[in-house]
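Undergrad: Sequence:
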Amino acid sequence: MISKAFPDITMHVSLLVAGLAIGASASPVLKRQDVGESTDSRLRTVDALWDGQCFYPESDDDFDLEDYLGRWYQVAGTVAPFTEGCTCIFAEYSLNEENNTVNVFNGCQLGDQNIEIRGNAAPADEVYGDEGVFLVQFPGQPPPECPGPNYIVQEFDDDDENWAIVQSSNFTTLFLLSRDQHPSDSDIENWLERAGRMGSNLTEVVRTNQTGCLFT
Numbered sequence: 001m002i003s004k005a006f007p008d009i010t011m012h013v014s015l016l017v018a019g020l021a022i023g024a025s026a027s028p029v030l031k032r033q034d035v036g037e038s039t040d041s042r043l044r045t046v047d048a049l050w051d052g053q054c055f056y057p058e059s060d061d062d063f064d065l066e067d068y069l070g071r072w073y074q075v076a077g078t079v080a081p082f083t084e085g086c087t088c089i090f091a092e093y094s095l096n097e098e099n100n101t102v103n104v105f106n107g108c109q110l111g112d113q114n115i116e117i118r119g120n121a122a123p124a125d126e127v128y129g130d131e132g133v134f135l136v137q138f139p140g141q142p143p144p145e146c147p148g149p150n151y152i153v154q155e156f157d158d159d160d161e162n163w164a165i166v167q168s169s170n171f172t173t174l175f176l177l178s179r180d181q182h183p184s185d186s187d188i189e190n191w192l193e194r195a196g197r198m199g200s201n202l203t204e205v206v207r208t209n210q211t212g213c214l215f216t
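According to the numbering used here, the sequence shown is numbered sequentially starting from 1.
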């Protein structure tokens with residue numbers, strides 16, 4: 001595990017989620033068990049980590065990197081600059097055994113153009129989670145604003161390894177990944193609902209068109 005020299009100041013907190021949008025204030029953050037029942041069904045809490053600068057979703061304890069490697073199709077997610085206007089979005093991960101990092105190959109289709117970008121994912125400091133937390137960087141990209149991971153696997157379906165919920169720091173970017181390029185609408189909706197319960201703001205999430213793909 002590659003680690004960084006961050007002070008061990010990460011705290012477990014619970015964020016109060018209103019309408020599935022994350023909000024935080026300077027007032028003390030209540031533990032989930034201290035919140036109790038609410039008369040407003042829109043209010044909920046999600047577990048997160050706080051390092052004094054940013055919030056981080058908790059990663060899946062059952063994450064296994066070897067099982068996670070390979071190709072994934074993005075079936076829904078927050079629009080990212082690289083994939084804006086794209087269809088047929090996918091990500092492919094392979095292990096770089098020389099330095100224990102992960103090679104990242106992202107691709108999508110823009111009209112009849114094949115768009116590709118390659119980067120690297122380094123395991124984040126263990127203070128942010130034992131597994132499934134990475135700092136992903138692409139060439140020419142400015143360094144992330146948060147000191148911790150910007151790629152957190154919140155849930156990895158280890159039963160058949162077909163689904164993954166991936167979030168970024170401060171819950172700003174969701175990627176819903178599937179091994180199947182064409183899962184059923186009901187499966188996508190079920191997994192989006194699960195992502196919402198885990199803190200994702202679903203109002204900013206769009207479904208990915210995975211039809212008419214020329215390069216995947």
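To be clear, the hints were calculated from the coordinates, so they are not data collected in a lab. Mixed in with the good hints, there may be bad ones.
What the hints assert, rightly or not - Computed spacing ranges between beta-carbons, pair by pair: (1) E189 x P144: 27 to 33 Å; (2) D160 x G140: 21 to 27 Å; (3) G140 x E97: 36 to 42 Å; (4) P143 x N99: 17 to 23 Å; (5) E204 x E98: 35 to 41 Å; (6) P143 x R194: 28 to 34 Å.
Beta carbons: idealized from backbone N, C-alpha and C, even for Gly.
Undergrad: For each hint, tell me whether it holds in the structure or not.
TA: Hint by hint, here is what the structure shows:
{"no.": "1", "hint": "E189 x P144: 27 to 33 Å", "in the structure": "holds (31 Å)"}
{"no.": "2", "hint": "D160 x G140: 21 to 27 Å", "in the structure": "violated (37 Å)"}
{"no.": "3", "hint": "G140 x E97: 36 to 42 Å", "in the structure": "violated (26 Å)"}
{"no.": "4", "hint": "P143 x N99: 17 to 23 Å", "in the structure": "holds (19 Å)"}
{"no.": "5", "hint": "E204 x E98: 35 to 41 Å", "in the structure": "holds (37 Å)"}
{"no.": "6", "hint": "P143 x R194: 28 to 34 Å", "in the structure": "holds (31 Å)"}
In this structure, the earlier hints numbered 2 and 3 are contradicted, and the remaining ones agree with it.
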